[in-house]
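Chemist: Listed below are the residues making up each chain.
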Amino acid sequence: MIEHHLPALQVLLPLFAAPLLMFLVRWPTLAWALTTAVCWATFLVSALLLEAVWAGDPISYAHGGWEPPYGIEYWVDTANALVLLIVSGISAIVMPFARDSVEQEIPRDRIAWFYTAFLLANAGLLGIAITGDAFNIFVFFEISAIASYALIAMGRDRRALLASFTYLIMGTIGTTFLLIGIGFLYMMTGTLNLADLAERLPAVRDTSTIRAAFAFIAVGVSLKLALFPLHLWLPNAYTYAPSMVTVFLSATATKVAIYVLLRFFYSVFGVEFSFGVLPMGYVLMPLALLGILIPSIVAIFQADVKRMLAYSSVAQVGYIILGFSFASTLGLMAAMLHLFNHAVTKAALFMALGAIVYRIGSTRIDAMAGIARDMPWTMAAFVVGGLSLIGIPLTAGFVTKWYLLLAALEAGLWPIAVFLLATSLIAVIYIWRVVEAAYFRERPAGAAPVREAHPALLLPTWTLALASVVFGIHTALPIGAATRAAEILLGGYP
Amino acid sequence: MNPHIVLRVGAKLLIPVIVLFGLYVQFHGEYSPGGGFQAGIIFAAALILYALIFGLETVQQAVPPGAVHALAGLGALLYMSIGIWSMFAGGNFLEYKVLLADAQLAETAGIILIELGVGITVATVAITLFYAFAGRARPGHDGD
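Top to bottom, those sequences are chains A and B. Just so you know, we're using this note's numbering here: the first sequence kicks off at 763 and counts up by one. Just so you know, we're using this note's numbering here: the second sequence kicks off at 187 and counts up by one.
The shape of chain A in the complex, shown without the other chains:
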């Protein structure tokens, strides 16, 4: 019986636990324990779901017993099972880290509320990935976004409020555009079910309404995934959010939005419409290339390491969109692979940074001078993550850049292959700045002594840092899942 309900449980577990936490305001540790248990349970559910769809057919779950396309359907295939695994896996690993980090950064009487918002954001992101209903995607986008605004606003710095407000404005414009697009689709087809939409769209697709719907969805979701030049909300939101929130959102929020864009472009509208009838390849590719180049250069000049990594995240979105814009199985596979590898890598980096914040209370590069002697393990994890971000062989980052290169060469675009190598060198520069400061500079005179981070912070950090190496050597799971996900996305709905 329980196997049958797995898709519902995936979203229901965090969604049900969120209001329960409201009754644990006086017991923050208990709130943390419950959240951790729930996150690990959702991780287990998504692992079971991936296993089930890996071997067999996609899973469909009809809410309320209303058969699709009339009712709301949850739909799991290898493509979104991988996304579900990323979201739930990162939330499960971040929770042991969260305990100390959150206790230090959030007032005690708000910790339970903080976890309530975290679980709601988690449930929203999982819901976006799992649902097979277009309107449901919008609703879950709003659930995760509103919870994220609250999470970001709880940052220690008052600038977090402004960052959250900017994100609120941009995010609301994004989801409103998405809603307008979905409304147009509904107007023309009378359905909201994604598989049903894919079936009915070809008959009406040569109309300006459908083209407008496509444009609204493309721009709306691009705002949510921070595609250059719609990324302006992201650096501040990531910089001023509490450490644990940055880890979670950087690894999951933009990834889920990218998945939605992939789903709409490839499965719902179809690759022929998106890249044949409409020239999306020529729109996305230049934006992706600019999105890799400009934020990477901007990252070099940041005085704040957290902000530097945030700009690097915008650049990484560029890599994913680049793979996506080739409209080939190989390119799409590279995009799905980078979705996974970048989530692991960037979470490791932000987590190492969170451990540093826990000790020195700052993310400024000057404040980090010389700390590698006092915090060798934390900085080593940062370096491993940094190597993966650059794309050094034997790391996860290398594997994705390799497949991106292959996809570029397959498309006959060798200048892009050269460009990819050149931009990796920019990543070397900005990661090196941190390494140089932490390892080769002296501690500023009069700085308080620093101790190595607590094992509770180090262990999750190293789990992710090692994962970014393991997935660079033992590539069967991510490559297998990404290949199947690419085939499924290109194949559309059965």
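Calculated directly from the structure, the hints in this document are not laboratory data. Only a predicted model underlies this, so the values are computations on that prediction, with no experimental measurement involved. Positions of the beta carbon are idealized from the N, C-alpha and C atoms, including for glycine. It is possible that some hints are incorrect.
[Unchecked claim] In silico contact screen, one side only, chain B against chain A (beta carbon under 7 Å); selected entries:
| hint | residue |
| --- | --- |
| 1 | Gly259 |
| 2 | Ala262 |
| 3 | Leu263 |
| 4 | Glu281 |
Go by the hints and put chain B onto chain A.
Modeler: Same frame as chain A, now just chain B:
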């Protein structure tokens, strides 16, 4: 003594009607336009009107913020519990027609309970928002 006699009497006349109308929209929602969301807002509007006329403290004595928070959580839990109960009864999530022997009766009962959950949560969240904003206006008083 109090210059706002018209407002006070008017509000006292209006508030019972607003609450009654809220209950009507709540419990007649499955037959006519309405439902938990609309009813919750109407219900909250009655309370907010009362607070505007008679002051925030008077309302918070009758409806303390702690209770409002608790009800906001309970409403959502009620909604989801019905859904989970249907899962234990052999249906899918929220397939409440399996809850009773008479499927049609179960559908009606299920939707009324779920809308009740929605109504409670929407009303209490609207009141919480009002408390937060109204409480903040006072210096030295941290609205929560």
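Chemist: Now tell me, hint by hint, if it's right for this structure.
Modeler: We went through each hint and held it up to the structure:
{"no.": "1", "hint": "Gly259", "verdict": "4 Å, holds"}
{"no.": "2", "hint": "Ala262", "verdict": "4 Å, holds"}
{"no.": "3", "hint": "Leu263", "verdict": "5 Å, holds"}
{"no.": "4", "hint": "Glu281", "verdict": "4 Å, holds"}
Of the hints listed earlier, there is not a single one the structure fails to meet.
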